[in-house]
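Visitor: Numbering (numbering that gives the first Met the number 0), first residue to last: 0 to 190.
Bear in mind the hints are in silico, worked out from the structure with no lab data behind them.
It cannot be assumed that every hint is accurate.
[Stated by the list, open to error] Listed next, the in silico SDA-like pairs over lysine to any residue satisfying Cα-Cα at most 25 Å (straight line): (1) K180 <-> E168; (2) K120 <-> G90; (3) K120 <-> G138; (4) K57 <-> G46; (5) K141 <-> K190; (6) K110 <-> G46; (7) K173 <-> E132; (8) K56 <-> D30; (9) K110 <-> L77; (10) K87 <-> S127; (11) K34 <-> E67; (12) K65 <-> S36; (13) K2 <-> V35; (14) K56 <-> L77; (15) K28 <-> H167; (16) K56 <-> K141.
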Amino acid sequence: MDKLNLLIVGVGGQGTLLASRILGTVALKLDFDVKVSEVHGMSQRGGSVVTYVKFGKKVYSPLIEKGEADLVIAFEELEALRWTGYLKQGGKMIVNEQEINPMPVIIGKAKYPENILDTLKAGLSIYSLDALEIARRCGTQKAVNIVLLGVMARLTGIDREIFVDAIHEVVPAKVLEVNLKAFEEGYNYHK
0 MDKLNLLIVG VGGQGTLLAS RILGTVALKL DFDVKVSEVH GMSQRGGSVV TYVKFGKKVY
60 SPLIEKGEAD LVIAFEELEA LRWTGYLKQG GKMIVNEQEI NPMPVIIGKA KYPENILDTL
120 KAGLSIYSLD ALEIARRCGT QKAVNIVLLG VMARLTGIDR EIFVDAIHEV VPAKVLEVNL
180 KAFEEGYNYH K
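Please construct the entire structure, taking both the sequences and the accompanying hints into account.
Guide: Have a look at this one:
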């Protein structure tokens with residue numbers, strides 16, 4: 000792998016920023032130039048967020064245009080649907096099988112779309128899993144992000160030890176063990 004254009008999409012409070020920091024650390028450990036965007040969107044709990052992560056021999060901008068993402072990691076189904084246009088031909092998407100109602104749905108002004116995963120799987124390379132349940136089994140639902148990074152590590156072929164080292168560097172010591180367990184569960188997950 001000589002470069003990777005990656006989008007992390009989700010909802011505020013799901014740990015997208017921590018995931019991007021870990022990925023930035025992984026890229027540096029691979030001796031790549033890396034650019035990570037600021038979180039775009041409403042990063043407070045519940046708002047839609049996207050983070051761009053690009054790494055390669057030389058990266059000039061963190062922004063990824065439509066049709067350029069090698070990989071999209073979606074922490075929630077509706078966010079996966081919103082960002083499918085950014086996947087390049089042959090790109091892959093990792094989707095957490097979770098629905099978080101946005102404000103228009105909560106106040107009754109809109110309806111959450113049905114059968115999102117079926118829609119996504121029609122024509123796209125989708126890898127979906129219930130990362131929330133896996134994280135809960137590991138000891139905290141806050142580790143959904145790390146479960147998804149485990150899946151990403153396996154799918155991209157990036158050495159798992161590089162991810163483990165990055166998690167050790169970035170994740171606070173008080174939650175390190177549960178996050179390492181979540182990473183291993185994601186890495187070893189098979190449907």
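Visitor: Does each hint hold? Answer for all of them.
Guide: A quick look at each hint next to the structure:
no.: 1; hint: K180 <-> E168; in the structure: holds, 16 Å
no.: 2; hint: K120 <-> G90; in the structure: holds, 13 Å
no.: 3; hint: K120 <-> G138; in the structure: violated, 30 Å
no.: 4; hint: K57 <-> G46; in the structure: violated, 32 Å
no.: 5; hint: K141 <-> K190; in the structure: holds, 22 Å
no.: 6; hint: K110 <-> G46; in the structure: holds, 17 Å
no.: 7; hint: K173 <-> E132; in the structure: holds, 21 Å
no.: 8; hint: K56 <-> D30; in the structure: holds, 8 Å
no.: 9; hint: K110 <-> L77; in the structure: holds, 11 Å
no.: 10; hint: K87 <-> S127; in the structure: holds, 18 Å
no.: 11; hint: K34 <-> E67; in the structure: holds, 15 Å
no.: 12; hint: K65 <-> S36; in the structure: holds, 16 Å
no.: 13; hint: K2 <-> V35; in the structure: holds, 14 Å
no.: 14; hint: K56 <-> L77; in the structure: violated, 33 Å
no.: 15; hint: K28 <-> H167; in the structure: holds, 13 Å
no.: 16; hint: K56 <-> K141; in the structure: violated, 33 Å
Hint violations for this structure: numbers 3, 4, 14, 16, all remaining hints satisfied.
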